[in-house]
Amino acid sequence: MTATGTEVETMTFAEAIRAALSQEMEADERVFVLGEDIGVYGGAFGVTTGMLERFGAERIRDTPIAEEAIVGAAVGAALCGMRPVAEMQFSDFTAHAMDQLVNQAAKVHFMLGGAASVPLVLRLPFGSGTGAAAQHSQSQEAWYTHTPGLKVVMPSNPADAKGLLLAAIRDPNPVVFMEHKLLYRSASGPVPAGGEPIPLGVAAVPREGGDLTIVATGIMVSRALAAAEELAGSRIEATVVDPRTLKPLDEATILERVRATGRVLLVQEAPRTAGFTAEISARIAESDTLYHLLAPVRRLSGLDAPIPYNPDLEKASVPQVPDIVQAARALLEDG
Amino acid sequence: MSRGRRRERERVTTLASSADDARRVLATMWTIRRFEEAVDELFARGLLYGTMHLSIGQEASATGACLALRDDDVITSTHRGHGHCIAKGADLGRMMAELLARDTGYCRGRGGSMHIADVSKGNLGANGIVAGGIPIAVGAALALKLTRTDKVALSFFGDGATSEGAFHESVNLAAIWDLPVVFVCENNHYGMSMSVTEVSRLERVADRAAGYGIPGVTVDGNDVDAVHKAALEAVATARSGAGPTLIEAVTYRWKGHSKSDQNLYRTREEIESWRARDPIERFEQAVREAGTLDDNELKRLRDQARDDVREAVRTGQTGPPPSPDLLAAVYAPSEVDALSGGER
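Top line first, the protein sequences correspond to chains A and B. The first sequence lines up with residues 1 to 335 when you count with our numbering. The second sequence lines up with residues 1 to 344 when you count with our numbering.
Honestly, I wouldn't trust all of these hints.
Said to hold, decoys possible - Facing chain A, according to a computed beta carbon distance under 10 Å, are these residues of chain B, among others:
hint, residue
1, ALA27
2, PHE43
3, GLY125
4, HIS168
5, MET192
6, MET194
7, LEU202
8, VAL217
9, LEU264
10, PRO320
11, PRO324
12, PRO333
What the hints assert, rightly or not - To give an idea of the interface, some chain A residues facing chain B are shown, with a C-beta separation under 7 Å as derived from the structure:
hint, residue
13, ALA57
14, ALA66
15, ALA69
16, VAL75
17, GLN89
18, PHE93
19, ALA95
20, MET98
21, HIS109
22, SER117
23, ALA142
24, THR145
25, ALA203
26, VAL205
27, PRO306
28, ALA327
The set of hints was computed from the structure by calculation and includes no laboratory data. Quick reminder that beta carbons are idealized off the backbone N, C-alpha and C, glycines included.
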């Protein structure tokens, strides 16, 4: 690591998250981590592996299986000057903790007239593709984006995971940090050593093309990029926009990229109805970007169904690369 | 040495036998009583919006427990939280301004009675969610422990809260981590209309402490001295690093649950029998018997509380309306958010 932070290291998504946690814990003694099986076990997905040895049991706190107490303890600690990072073993278990997240963490700053704030991060391993079925596979980002007072971050690659987690920990508000489980090991890439936080509210544009714009979230970004590569073989050039943070949302970049191509495909893993891409669609429709559209907005989402166990059905429940390719082609035939 | 710590060491025999303590206790209890009577009246006259939950008849538990705390200790409170807020040292004018929905209120008119807080005095807030403050107190205690302070957290909640999962999860967490927290259950016999005897097979709420391996004590919640003694011991235990205690203060609310209550679940006789056990009258009697303060001084304390509350209503009513810029109030300003303060 150099003082300029320009060196890069190849890391998996899980390693990048661990690097961000470790960097912040080294730099700021107020930062600590709590959750189920995060100590000796290293977390259900290995994210905190080795951190107990490095930072000790006081700052890497194994908890009972008690999600409401975990999030509540994080709220109380944050109110008293700490910077807790709480892990839900699976994002689905947040259902147990919704009072503390939605009624307490999200509202304290507002309700108390700004007299206090709640700088906590809630890390949520989410998403399907692991055969864990309906109670361990959901994508519930819309629950959180629909709650004023929460920020919602959804990185799609290791470098963003690190930079955005640094920002999330330093932000004085409660931040829901959503980590797609399939990315932990499969996503690997260059990550700045040391490095600076990536500001919340800035979208990334990992690919540029003139024929259509694909706005994709979370793991759908890598699938959209794979689809764009395939489309390029048929001389269809796609811009891919990764919002990176859903709240705050970099609406300006999205609208600008949609105007530039006149065609937009929105891709999310979450169920279609009232999903987050419905919000993006509405913002396009509400703005003068609407007049730049050459075809209606097209959405590709998970089914409005729980995630099933059967591997073929599980895969069919959420958008895959061929689905994105097909939807993009259909969009180009529209209008 | 702070007042609280000296108190913990010396174990004062009774509050009524010390003139300083007696004055402080009576000033606090009368202020709570008069504040809530004023709130009740303002509401009846249509000058106060929304709803409120009055703790008239329960003044001894808030007063006795907070008297065992230092100024830098923290509390979490409940929807029935005016007494806790006053006992922890809040400014009456800012409290009343909040209830009157003014910008000068503690929450700038955004919280009202149910979210009143005074973070500067360690009151992390009332709470509209039953048991919602208990996990927060546990987290506060965790922070106090991690930062190597000797401060403690104290969580007030009602008997109704002990049926919530949040109570069980967080008392257990505090127990296994030996956190410096005191749990004070103000058992006023009813969770809204549901009798405490119908929601548990246990005779006492304090019996639940055994399930978490911590001490549990039941005290007469209308005896400010009994509450204070139990709180002193629990606070000392917490401060010493020996972990939490559950205190059950048995008391009674004279008024209905909130403005909609028609008291269909309890009898007039029952209410009258508890009014006869008025915690303030009892303490005044003890003070008289101890010869600590004379009748003139007792009257002076009562009048002072009345005047202070009248002044709070006056200043509260003159406060300006709150800022309408609600979107700017949702998030704390952030240096790592490119859109902080802007479009979301």
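Restraint: B/LEU202 near chain A, CB-CB cut 10 Å. Satisfied or not? 21 Å, violated
Hinted contact A/ALA142 with chain B - closest CB pair below 7 Å: 15 Å, violated
Residue hint B/PRO324, partner chain A, criterion CB-CB below 10 Å: Violated: closest Cβ of chain A sits about 14 Å from B/PRO324, beyond 10 Å.
Tell me if A/MET98 is really an interface residue toward chain B, meaning its C-beta lies closer than 7 Å to one of theirs. For A/MET98, the interface hint is violated, since the closest Cβ of chain B sits about 11 Å away, which is over 7 Å.
Is the interface hint satisfied for A/THR145? The criterion is a beta-carbon contact with chain B at less than 7 Å. 10 Å, violated
Restraint satisfaction for A/ALA66 [CB to CB of chain B, less than 7 Å]: Result: holds, 4 Å to nearest chain B Cβ.
Against chain A, is B/ALA27 within 10 Å by beta-carbon distance? At 25 Å from the nearest chain A Cβ, B/ALA27 fails the 10 Å test, so the hint is violated.
Does the interface hint hold: is A/SER117 within less than 7 Å of chain B, judged Cβ to Cβ? Hint on A/SER117: holds, closest Cβ of chain B at ~4 Å, below 7 Å.
Interface hint outcome for A/PHE93 [beta carbon to chain B under 7 Å]: 13 Å, violated
Have a go at the A/ALA57 hint: is there a Cβ in chain B nearer than 7 Å to its own Cβ? 10 Å, violated
Hint validation: A/VAL75 versus chain B, beta carbon distance must be below 7 Å. Holds or violated? With a minimum Cβ separation of about 5 Å from chain B (threshold 7 Å), the hint on A/VAL75 holds.
Have a go at the B/MET194 hint: is there a Cβ in chain A nearer than 10 Å to its own Cβ? 20 Å, violated
Hint check: violations occur at hints 1, 2, 5, 6, 7, 8, 9, 10, 11, 13, 17, 18, 19, 20, 23, 24, 25, 26, 27 and 28; the rest are consistent with the structure.
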